[in-house]
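Q: Spelled out from the first residue to the last, the chains are:
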Amino acid sequence: MKLGAFDWRPLILLVGLMLLALPLVGAPSTWLTLTVAGLAMGLIVFVIASGLTLVFGLMDVLNFGHGVFIAMGAFVATSVMGGMGAWVASPSLLLNLGAIFAAMLAAMAVAGGIGWAFERVIVRPVYGQHLKQILITMGGMIVGEEVIKVIWGPLQIPLPLPEALRGSFVFGDTAIEKYRVLAVIIGLLVFGALLWTLNRTKVGLLVRAGVQDREMVESLGYRIRRLFVGVFVTGSALAGLGGVMWGLYQQSVTPQIGAQVNVLIFIVIIIGGLGSTLGCFVGALLVGLMANYTGFLAPKVALFSNIGLMVAVLLWRPQGLYPVTNR
Amino acid sequence: MNVLELEAVQTHIGAYHILHGVDLAVPEGEVTMLLGRNGAGKTTTLRTIMGLWAASAGRVSFKGQPIQGRPTPEIAQAGIAYVPESMGIFGDLTVQENIVLAARNARRASELDSARLDWIFGLFPALKKFWLAPAGKLSGGQKQMLAVARAIVEPRALLLIDEPSKGLAPSIINNLVSCFRELKKQQTTILLVEQNFMMAKALGDSVAVMDNGRVVHSGRMAELAADEGLQQRLLGLSLGAHQ
Chain L
27 MKLGAFDWRP LILLVGLMLL ALPLVGAPST WLTLTVAGLA MGLIVFVIAS
77 GLTLVFGLMD VLNFGHGVFI AMGAFVATSV MGGMGAWVAS PSLLLNLGAI
127 FAAMLAAMAV AGGIGWAFER VIVRPVYGQH LKQILITMGG MIVGEEVIKV
177 IWGPLQIPLP LPEALRGSFV FGDTAIEKYR VLAVIIGLLV FGALLWTLNR
227 TKVGLLVRAG VQDREMVESL GYRIRRLFVG VFVTGSALAG LGGVMWGLYQ
277 QSVTPQIGAQ VNVLIFIVII IGGLGSTLGC FVGALLVGLM ANYTGFLAPK
327 VALFSNIGLM VAVLLWRPQG LYPVTNR
Chain B
97 MNVLELEAVQ THIGAYHILH GVDLAVPEGE VTMLLGRNGA GKTTTLRTIM
147 GLWAASAGRV SFKGQPIQGR PTPEIAQAGI AYVPESMGIF GDLTVQENIV
197 LAARNARRAS ELDSARLDWI FGLFPALKKF WLAPAGKLSG GQKQMLAVAR
247 AIVEPRALLL IDEPSKGLAP SIINNLVSCF RELKKQQTTI LLVEQNFMMA
297 KALGDSVAVM DNGRVVHSGR MAELAADEGL QQRLLGLSLG AHQ
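Protein chains in written order, with my numbering: chain L, 27 to 353; chain B, 97 to 339.
Derived by calculation from the structure, the hints in this document are not laboratory data.
Any given hint could turn out to be false.
[Claimed, not checked] Listing some non-contacts, in silico: residues in chain B with all C-beta distances to chain L over 10 angstroms:
| no. | residue |
| --- | --- |
| 1 | Glu126 |
| 2 | Ala172 |
| 3 | Gly184 |
| 4 | Phe186 |
| 5 | Leu213 |
| 6 | Gly237 |
| 7 | Cys275 |
| 8 | Asn308 |
[Stated by the list, open to error] Chain B side only, calculated, beta carbon under 8 angstroms to chain L, not exhaustive:
| no. | residue |
| --- | --- |
| 9 | Gln173 |
| 10 | Arg203 |
| 11 | Glu319 |
Ideal Cβ positions, reconstructed from N, Cα and C, are used throughout, including at glycine.
Chain L with its partners taken away, still in its complex shape (with noise of 0.2 angstroms):
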């Protein structure tokens, strides 16, 4: 009997839409180019929704306000920034990454608090109430943009990226941009991270097993509760962490940011398959991917491409690219 073979297919649909993508854009450069942003965007994604989809497992709990720990994360890191002009503005890479990392830092702390709040304030009361869950959290998410507007305002303030990381490497007719580079880097440290959490440690095996069946956890002597306070603000402050990246991205944030990042964390956990981080994974690559591709091949497709890709894999498997068992 062979027990355990991985499922590999997944995977293969994400490199199956890299190669399928190739011959359509025409220039491999392009291509190339769009692949490093795709897979920048997506690891992004990731890193906003992998708190998210191991919430849901955990306890059943539809955070609709996560949006809201993007937000913070972002507008605390154009303060951070502002306060260290000199450091952005300094031609020295690593100044810069200082700056960067300082931000990114303080956005995590910020945004893990408020999750802590969250939690406890807004999610506690309702567990296991998923339609009370999305109006107290949605109403939650307006709370918190309501503040925000009140700290730095309505308007959208610019995240200018530092001087360092502006403009791209440029390979032959290719050209990647640095920031690009750095999204990924960070996305799969976070990533490996993650991983390495999740499958060597305790912990990981906790939540692994709580995302299954938190019930027979608590049989086997453990408090899940506790576990999912960690998780939610862990995810809170990867969510404050990701709202940085996407604003650098963007180069700019409005109080809105959140909402709108909010649809697409929903389709890549529906699409990884709710409660898999492996699935979230695979699954915010490929709503990066799809997105450039199809913003470079069909601007007009590009706003429903990710909604169709989601339809297409709910198609192929019901229940996500890679399913939780028990769930």
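With chain L's structure known, arrange chain B on it following the hints.
A: Here is chain B on its own, set in the frame of chain L:
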């Protein structure tokens, strides 16, 4: 001495009144069989003991301490292991990960008690064979073995096991019976819900029979096994069909 005692325990699930005052005692070092027809309240009794459903009245005491109203993790930490009817296997985790999770004192496989693990592998060789395979890919019988192995990977004062023979082939049931006999030899206290009377007869020291949310008979298993009239009255057993 009784490890576990239930006194007049009542349980409501939503609008339904399931347990109507259960009295039950589980003596230390014995296998107590909990028998009864479908819907008699056996599973609800186990879930109430574990705190998965709250008792609405009555008292549940474990080692003399009341445990009703306490959260499930605390009850488990007090020394009760639970094997649900659904087995509760984490299908996306490997067999090894399922075992590590059940061992609260081990953070990783290398920290498992190797002598105890060898003993478990002796009881269930299939678990060793599929140690690194996803548990979801195991057969029904192998999953049941894993569920029991999780309950005994560390010493527990009481095992609650819900219908382990359900849906399993006779050869697998024999394997489980051998395992429970081995546990009996070690004076492990077990409360075992079972519909298979042959298995109950082979394993039980004491017995409680439930009907309509109450314990309607309790005593020694040998007495019930010897009294066909009592079996017929309590369990509706037609010996030709069940034995």
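Q: Please list, smallest to largest, the hint numbers that this structure does not respect.
A: 2, 3, 4, 11
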